[in-house]
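First to last, the sequence lines map onto chains A and B.
Offset between the first sequence (1-based) and the numbering used here: plus 195.
Offset between the second sequence (1-based) and the numbering used here: plus 10.
No wet-lab data here; the hints were simulated from the structure.
Hints may contain errors.
What the hints assert, rightly or not - Pulled a few chain A residues facing chain B out of the computed Cβ check, cut under 8 Å:
(1) V233
(2) L260
(3) M262
(4) P272
(5) P301
(6) I304
(7) L305
(8) V307
(9) L309
(10) P316
(11) C322
(12) A324
(13) C325
(14) G337
Stated by the list, open to error - Output of the computed footprint for chain A on chain B, the stretches with three or more beta carbons under 8 Å from beta carbons of chain A:
(15) 108-117
(16) 137-144
(17) 160-169
Said to hold, decoys possible - Not everything, but these chain B residues come out facing chain A in the computed CB check (under 7 Å):
(18) I42
(19) P77
(20) D78
(21) S92
(22) G177
Even for Gly, the Cβ is constructed at its ideal location relative to N, Cα and C.
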Amino acid sequence: MTFGRRDRSILFTPAHSGYMKSGQGFSAAQTNELEILVFALGGITLGVDTEQVGGVIPADEAEALGMKLVPFSEKIPLGEKPERLQAPKALMINDVTPYAVIIKSPDDILSVRLDSIRPLPPLLAACNACQAVWGVAVREEGIIILIDFLRLHDIHNQNNNTHLAFLNKGGEATT
Amino acid sequence: METQQSKSKLILDELRSREKREKILDVEEDTIKVVIFSLLDGLYAFNGPEVKEILPLLPRYYVPGSPDFIPGVINIRGDIESVININSLLGLPDSKPSPKSRIAILEMGSVRSGIIVDSVEDVIDIPESFVKPPLTTLSSKVREYVAGELMYQDRNVTLLDMRRIFGRLGS
């Protein structure tokens, strides 16, 4: 895994080669742990399965590459005024149609035990706006909200089939 | 005069006897347990058996996209439970957290959630007949969530219908 490579094309790549594509034959029996990329936005600690992550590059470079960029807080309300990101990163999502979600920066990569993951409580599981949140990883230091970026993408497609304007709607991010 | 006294005595005896019978009836009447709590200036109650636990305020974690009345989730010994801000459901302004604030964990069927209250005042058993229909002065939005009214220390207490609230929130 590499952060800050000189060519800046990829700031992060999954550690292991031969990674499964998301959803391809994962079985809990195969592993007791899930590797997640952790990042924080709006004071919330969020995590995404590293299998869904194709890489992390500066957002302006992703824009220059013509990649679809989705400001995270535009897809899921973060409960407070979106913070202004000084040097946002584009978290590239492995999908049929690659796209990127704008985040502040990746904070960590953690292995969490499957038995420390809890589903959302019923009242939240019933909430449409929380569809992209699939569970919670419970740790001593606090909890990590687990996001499924493929579901986020589905929500995105449902809500907006037109090409996405990049950022700065409401001054959320600056490249 | 003696006849008059006897009559009054008889009436008083009869009244006492009726009072005793009523007391006996009261004792035999089914009782319900209620947990009385405060929100701002008002007193409210949960149906006792639905309250599984009462906890101090715990660190709360916001879940992106969650509705206004669910300000987050809490970690209870490794289990994650939602927390409801009941003020917003009842059309009340938000309460300020204080050392008396509590989270009551309620469970009905498969749904379990915490409710933030300003303080827990008492847990009492009352005859079912003490619960009166909801006040007609309540707004229709709030009345929907109210099972009835009762008196506690000369104050009116609103008994919430949490089954209906959970049903509405979960739908």
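Status of each hint after checking the structure:
1. A distance limit of 8 Å between C-beta atoms decides the matter here; for A:V233 the minimum to chain B is near 14 Å, and the interface restraint is violated.
2. Here the hint on A:L260 is broken, as its CB sits about 27 Å from the closest CB of chain B, past 8 Å.
3. Checking A:M262 against chain B by beta carbon gives a least distance of about 22 Å; that is not within 8 Å, so the hint is violated.
4. Because the beta carbon of A:P272 sits about 6 Å from the nearest beta carbon in chain B, less than 8 Å, this interface hint is met.
5. Using the Cβ-Cβ criterion of 8 Å, the hint placing A:P301 at the interface with chain B is not satisfied: the shortest such distance is roughly 17 Å.
6. Proximity of A:I304 to chain B is violated relative to the hint, the smallest CB-CB distance being about 20 Å (cut-off 8 Å).
7. This hint is violated: A:L305 has a C-beta 16 Å from the nearest C-beta of chain B, more than the 8 Å allowed.
8. Among the interface hints, the one on A:V307 is violated; its C-beta lies about 13 Å from the nearest C-beta in chain B, farther than the 8 Å criterion.
9. Look at A:L309: its Cβ only gets to about 14 Å from chain B, farther than 8 Å, so that hint breaks.
10. The interface hint given for A:P316 is met, as the beta carbon of that residue sits about 4 Å from the closest beta carbon of chain B, less than 8 Å.
11. Restraint check, A:C322 versus chain B: the minimum CB separation of about 6 Å is within 8 Å; hint holds.
12. For A:A324, the suggested interface contact is upheld, since its CB lies about 4 Å from the closest CB of chain B, less than 8 Å.
13. A least Cβ separation of about 4 Å between A:C325 and chain B falls short of the 8 Å threshold, and the interface hint therefore holds.
14. A cut of 8 Å between beta carbons decides the hint on A:G337: the least distance to chain B is about 7 Å, and the hint holds.
15. With 0 residues having a Cβ less than 8 Å from any Cβ of chain A, the region 108-117 of chain B misses the three-residue criterion, and the hint is violated.
16. With a cut-off of 8 Å between beta carbons, the region 137-144 of chain B has 0 residues touching chain A; three or more are needed, and the interface restraint is violated.
17. By the rule of at least three residues with a Cβ nearer than 8 Å to a Cβ of chain A, the coverage given for the region 160-169 of chain B is violated, with 0 such residues.
18. Contact between B:I42 and chain A, as hinted, is not supported at the beta carbon level, the nearest pair being about 25 Å apart and thus beyond 7 Å.
19. The beta carbon of B:P77 comes within 6 Å of a beta carbon in chain A, closer than 7 Å, and the hint placing it at the interface holds.
20. At a threshold of 7 Å, the smallest CB-CB gap from B:D78 to chain A is about 9 Å, leaving the interface hint violated.
21. Because the closest C-beta pair between B:S92 and chain A is about 4 Å apart, less than 7 Å, the hint holds.
22. This hint is violated: B:G177 has a C-beta 11 Å from the nearest C-beta of chain A, more than the 7 Å allowed.
Hints 1, 2, 3, 5, 6, 7, 8, 9, 15, 16, 17, 18, 20 and 22, counting from the list given before, are not met by this structure.
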